[in-house]
Amino acid sequence: MAITQSEILAVTGNEAVAEAMGQIDPDVVCAYPITPQTEVVQLFAQMVADGKVATEFVTVESEHSAMSAVIGSAAGGARTMTATSSQGFALMWEVLFVAASYRLPVVMTTVNRALSGPINIHCDHSDTMGGRDTGWIQLYGENHQEAYDNCIQGIRIAEHMDVRLPVMHMYDGYVISGAIGPLQMLTKEQVQAFIGPYHAINPMLDSENPVTVGPFDGLHGWYFEHKVAQNRAMDRSLRVIQDVADEYAELSGRQYGLLDPYRLEDAEIAIVVVGSTAGTTRMTVDKLRARGVKAGMVRVRAFRPFPYEDYAKALQHVKVVGVLDRADSFGAQGGPVFLEVRGALYDCDPRPQVLPFIYGLGGRDIYPDNIEQAFAELENAAQSKRRVSSERRYLNLRKD
Amino acid sequence: MTVDKKAGAKKPAPLKKPAARKAPAKKKPTWDISDVDQWGPERHELGATIIEAGNSVYNETGGWRSLVPEIDVEKCDGCMLCFFYCPDASIVVENNKAVGIDLEHCKGCGICAKECPTKAIVMLIDKKD
Numbered sequence: 000m001a002i003t004q005s006e007i008l009a010v011t012g013n014e015a016v017a018e019a020m021g022q023i024d025p026d027v028v029c030a031y032p033i034t035p036q037t038e039v040v041q042l043f044a045q046m047v048a049d050g051k052v053a054t055e056f057v058t059v060e061s062e063h064s065a066m067s068a069v070i071g072s073a074a075g076g077a078r079t080m081t082a083t084s085s086q087g088f089a090l091m092w093e094v095l096f097v098a099a100s101y102r103l104p105v106v107m108t109t110v111n112r113a114l115s116g117p118i119n120i121h122c123d124h125s126d127t128m129g130g131r132d133t134g135w136i137q138l139y140g141e142n143h144q145e146a147y148d149n150c151i152q153g154i155r156i157a158e159h160m161d162v163r164l165p166v167m168h169m170y171d172g173y174v175i176s177g178a179i180g181p182l183q184m185l186t187k188e189q190v191q192a193f194i195g196p197y198h199a200i201n202p203m204l205d206s207e208n209p210v211t212v213g214p215f216d217g218l219h220g221w222y223f224e225h226k227v228a229q230n231r232a233m234d235r236s237l238r239v240i241q242d243v244a245d246e247y248a249e250l251s252g253r254q255y256g257l258l259d260p261y262r263l264e265d266a267e268i269a270i271v272v273v274g275s276t277a278g279t280t281r282m283t284v285d286k287l288r289a290r291g292v293k294a295g296m297v298r299v300r301a302f303r304p305f306p307y308e309d310y311a312k313a314l315q316h317v318k319v320v321g322v323l324d325r326a327d328s329f330g331a332q333g334g335p336v337f338l339e340v341r342g343a344l345y346d347c348d349p350r351p352q353v354l355p356f357i358y359g360l361g362g363r364d365i366y367p368d369n370i371e372q373a374f375a376e377l378e379n380a381a382q383s384k385r386r387v388s389s390e391r392r393y394l395n396l397r398k399d
Numbered sequence: 000m001t002v003d004k005k006a007g008a009k010k011p012a013p014l015k016k017p018a019a020r021k022a023p024a025k026k027k028p029t030w031d032i033s034d035v036d037q038w039g040p041e042r043h044e045l046g047a048t049i050i051e052a053g054n055s056v057y058n059e060t061g062g063w064r065s066l067v068p069e070i071d072v073e074k075c076d077g078c079m080l081c082f083f084y085c086p087d088a089s090i091v092v093e094n095n096k097a098v099g100i101d102l103e104h105c106k107g108c109g110i111c112a113k114e115c116p117t118k119a120i121v122m123l124i125d126k127k128d
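Residue numbers (numbering that gives the first Met the number 0), protein chains in the order written: chain A, 0 to 399; chain B, 0 to 128.
Simulated from the structure, these hints should not be mistaken for laboratory data. Don't take each hint at face value.
[Unchecked claim] Stretches of chain A that chain B covers, calculated by requiring three or more beta carbons in the stretch to come under 8 Å of a beta carbon on chain B: (1) 101-111; (2) 198-208.
[To be verified] Not close to chain A: a few residues of chain B, all C-beta gaps over 10 Å, as computed: (3) E44; (4) L45; (5) G61; (6) E73; (7) K74; (8) C78; (9) A88; (10) D101; (11) E103; (12) I124.
Just so you know, these numbers come straight off a predicted model, no measurement behind them. The beta carbon of each residue, even a glycine, is placed where N, CA and C say it ideally should be.
Starting from the given sequences, assemble the full structure and let the hints guide the process.
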């Protein structure tokens, strides 16, 4: 029973997310502006000033303070949100681990942007890919609609009693954040009914039941047990992410999964990609299919937790998989997504070849031609009798 | 800052000494952590939160001690400095005088002996069994 509003709005990605935050109407938002996320915070601050939300908006002097205030607020017992990008995300670094290990169900929007240096404000995924081991759930959105939808679903995932972990949801800087695209919104009543009231666990502001949050664990040492508990919650979140997506589909008519396969059933070559480039890749797959090439695609939605069994199931019949990374892991065998996908396919028999591609660093454009070129390499590898080199391939790199 | 210098302004009441802290009664913990050393990952509170206020009373830290304070109650003039300075709230006070040490929590740091103006507290080697 899809009861979505039929109206389609033309908005920027940041407007879409600010609207989602307005409909969630969290108790507290602590945030600091940074390009290309600024518009989210600016529009939300306007809603606070106009009395459209009941949120307490805490302005802070840096992202380190933003995340620290978020932790204080969430530990106090408030539904808390924030948003950031790039260097701001990097400045939050040490406190991100604290939010996750205190099991605070915070939701953060992160608009993907390159990390310095050279200083660069454009899109790539190096900021949040670097934060993949902070203990936060990571959902990567493809477009305006998904940025809005992931923001709302993030609340339910984070606050689920089997999970209680912070969630960050991402979308591409500028390509989505600043460009205008279509958005269908739910009503505020629908969103409120979907997310439900907030249930705090052991809140610090419950003076009848005083608690200590963040105690020192150095004497007897249960750190190890707490880390295992955190990882088990991460494992359980796989099912929760899917359940929340299914329930959201009933409400909105838009179905999401842990990963987003496209024309994979009989594919011989396939590309794994994150974010807005999935649209260009899907178009290229269609073009190749029209020529008789058995091409397919998987778009990454949940990167933490990484549903490796689902990737193995989805890709085990493919001969050659190309992984497009919009971030690099210096000195590793390939980009972060490549490493995960290659690991996920290791137990497959026969084992597909997995080739690393790096593209779009610092906002370098990615054209349909570049993706066709990647598919051509995969085709060559599929026809080759021997396994081809697994060195990095760079798409749209200027020639030496 | 303005100061009220009007004649007849009341003198502030003299500071009351705080109620003396007695050695902790061994009440039953509301949060039973007696077998915490055996707890696996699922038994702990989310995020390592401690859900009972003041439960450090159950954490005996006296075993860390190498020196132990000894109080000469005759010399004690009840100034309470030892009580205020003790980082482990281990000074037992009765009738406004230091009369003993909570040896389950005293870590033997010697701050009480250092601060005592009447030299009523001395640190001795803690002879262990």
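query = Of the hints stated earlier, which fail here?
reply = When the structure is compared with the hints, numbers 3, 4 turn out to be violated.
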